[in-house]
Structure formats: structure tokens, C-alpha cells
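Novice: One-letter residues, chain by chain:
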Amino acid sequence: MEWIRFCLTAVLVLAGLAFCCIGVYGVYRFKYAANRMHAAAIGDTLGISLCMLGLAISAPDLFSGLKIVLVIVFWWLSSPVSSHLLCRLEIFTDEQRDEYMIVHRDTLAHEREAAGKAAEEAQA
Amino acid sequence: MTKSKGVFARLNAWLDDEQSALERTMEAAQEQSAAPDLEQRSPAEIRWAQEELEEERRIEAAMAQWAEKKAAPAARRMYNALCVCMCLTMIALLLYTVTVLPAFGDPNHPINNEVSARYIEKGLQETGAVNIVTGMILDYRAFDTLGESTVLFTAAMVVLFLLRKDKESARYSQLAQAMDANPHSDTYYEPKNDIILQKTAVILVPIILILGVYVVLNGHLSPGGGFSGGAIMGAGLILYVTAFGFARMRRFFTYKTYQTVVLVALLTYALSKCYSFYTGANHIESVIPLGTPGAILSSGLILVLNICVGFIVTCTMYCFYAVFRKGEL
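Chains A and B supply the protein sequences, listed in that same order.
Counting in this note's numbering, the first sequence runs from 11 upward without gaps.
Counting in this note's numbering, the second sequence runs from 29 upward without gaps.
Bound conformation, chain A alone (with noise of 0.2 Å):
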């Protein structure tokens, strides 16, 4: 039973830092923002979940699994926000931004229209 645990635990951890690697040589491989974000997002979720993963089958007990299964969560949560916040700057703001990808032109309408409402928001 140790014996097969650990070699799980082994496993995860090792691909989760494999999928760290392949992001971080994505983030330079890559020129663009949004491109590097997407490789970025690779080590984020899938590497940092392996090796949470691999950590909570190897926790001594049950409720130390369970918490790092919780920071897992935490993390998924998390990280996809900041990522589309992020995007939704580089939509905005990022002038050379139809060299690189198309925008629907909804979405900038609807950004326009959210900023100077907030704008007015924030004046009155």
C-alpha cells in the first residue's frame, strides 16, 4: 500500500512539473500577451493541480488531504479570473491588438459602453 502510494504520488508530482516546464517554455516561446497567458494557464491549473494532487494521496491523514484538495479548488477558482481580467485589459488597451487577434466587435461596444458607464459612475 505505501509502495503504491508513493509511486502515485511520484507519478503526479513528476507530470505536474513536466506541465510546469511546457509552460514555462511556452511563456517564452511565445510573443503575444494573450498566447503567453494560455501557455502560463497550462502550469497554473494542470501542473500545480498534478502536484497538489500528488501531494494529498501521500498526506499522513485524511484532513491534511482534504485541505490541500481544497487549495486545488481554491486555485481553479482563482486563476481563470485573473487570467480574464487580465485579457479584458489587453482587449482595451493594447493598441496593435488587431495584428495579433480579432475582436467581435460586441464585445469592445460592450466595453466602451461598461467603462464609460463607470466612468459616469465614478464622476457623479
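Just to be clear, a hint being listed does not mean it is correct.
Distance ranges between label pairs, derived from CB positions [as the list claims (entries may be wrong)]:
(1) A/Ile112 - B/Ile235: 37 to 45 Å
(2) A/Ser88 - B/Gly319: 34 to 42 Å
(3) A/His48 - B/Pro138: 48 to 56 Å
Derived from the structure by calculation, the hints contain no laboratory data.
Keep in mind it's a predicted model, so treat the numbers as computed, not measured.
Think of the CB as a built atom: it goes at the ideal place given N, C-alpha and C, for glycine as much as any other residue.
Place chain B on chain A using the hints.
Specialist: Positioned in the frame of chain A, the structure of chain B alone reads:
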């Protein structure tokens, strides 16, 4: 050309193949002396001088070419090689130092003296805290922790003095004038009222705040305490204000709240420590019971002090964020 350049600026200029100062002055002197003299001389002399000048120009051009083709790459290579040598020397020195350090857990280690032995043996009995670290920083060394809290408080005060915008600041600061004239110039593009962030924040903020409270209140029982719990709660407040904006934050947290909370917390800390210093110095028995170790209401003043530190750290973290981002709480 400025005269007072740093060593590195000059080194970089040299590496980037700029002429040296000596060469430049020599060249300038030559040009000055060569031109006006030509008229008062005999044709032979003029021809001789012209030949000499041409010769010099040729040599100069050859020198410049040599410098460009050979010397600059050589210098750059030497520079890189020296950099690598220096780094390797430093690494070797540090690694050598690591090998000389005493082994981990060595009983003859210089830090394993009677002080830490006493903390470990008598800590639980004297402070009532299961967590020895908390017992140390909030009981044996509480004066030091008071100083740390005061440093945080002072830093927040100074940041407020420097960056806080009020009605008067437009009279003194051009930055404040610019911000008043154009209030949304630097936050215009920030995502506002983002529905995804708001829904996530609704789930996460209460959990983060409760976790912070747990870490603060269990500081004497488990790893944690005022500083870490306060940092967690401050992060929760920052997430809230990022998602919902300052207008909603001001409904329960204003500058006045900040002032009151931090002042009351610091004063409580100082007064309770005054009491324990007074009783300790005069060998009077403290009336505050230590309780049973392991219970939530135990270890005397440590719980109170943890709560005070937690409040101070929370407020200071949020205050830093708000002041740096917007200029006001």
C-alpha cells in the same frame, strides 16, 4: 559630452566602440592646429603637411577599423569571460561557506544554547501557548512585536501623509491638480463591474475573511497569528474592493474607521503590555489566568495581542492598497 560619467557608463561606452576621451582631445587639437597654419608656409611645407595629414587619417581609419573589427569583440568577450569568472568565484565561495556551516539539527550548533532550551522547556508553562513561536514573539519578546506594529503604523501614516488626496492637496501638488482635472485618466481602462470577478468575489471574500479570523484566533494553538491572519484578511478586503469598487467599500470602511481601529488596537496592545511589564518587573502575580493549554481562551494576554496585531495588519494592508491606487481610503 558630460564629464562626470560613472565607471559603468564609461565601460559601456567603451564596449560600445565609442572613442576614448584621450583620442577625442587629440583629434580636436590636430584639427585646430592643422587648418590655419597652411597659409603662411611654403608650397613644399604645405604639401608635406598635407601628406602627413593624409597619412595620419589613413592610420586613424585603419585603427578605427581594427577597433571595430578586432578590439571591440575581444573586449566584449573578455568582459563576458570576466563576468562568468566572477560569478563562479562567488558561487564557489558561497558553496564553501555552506559546507563549513554546522549540520542541520547538530546538538553542538551555536544556536542550541540555554536560551532556546529554556523556551522549549518552560515556554508552555510560562506563557500558556501551545505554539512556542507565538509564545516567544508575543510574550518573551512582546516589546519587539509592539515595535513592529508601530513600524507598520508609522509606515502607513507616512504613506498617507505623502499620497493621500484631500481638499488642500491641490494647492500644493501638481499631481493632485492633474488628477482633479482628469479624474479617470489612469483607471479608465481598468475592468470595472466585471461580473465574473464579482461572482467569484462573492464566494471567496467571506471564506478568506473567515480563514483570516481563524488564523488570528488560533495563533496561540497552531501556526499563524496576528501578522499572517491580518495579511489574509487584508487580501480579502483588497479582493472585495477590486471587485466592487471604493464606493461600496466606503459604506463600512472609511478613513475614520481606519484611524479608530488602528489607534484602539495599538493602545490596547501597549496598555496590556505595560501591565505585564509592570507585574513582571515588580514580581507581582499577574491576575490574568493562563487557562488550560490548548483551549481557545488560554495563554493570558497572547490572544488579545494577536487580535490587536491582526487588526493593525489588516487595516495597514488595505490602506496601502487604497492609497497607492486611488490616493484616498
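Novice: Hint compliance check: list the failing hint numbers for this structure, sorted ascending.
Specialist: none
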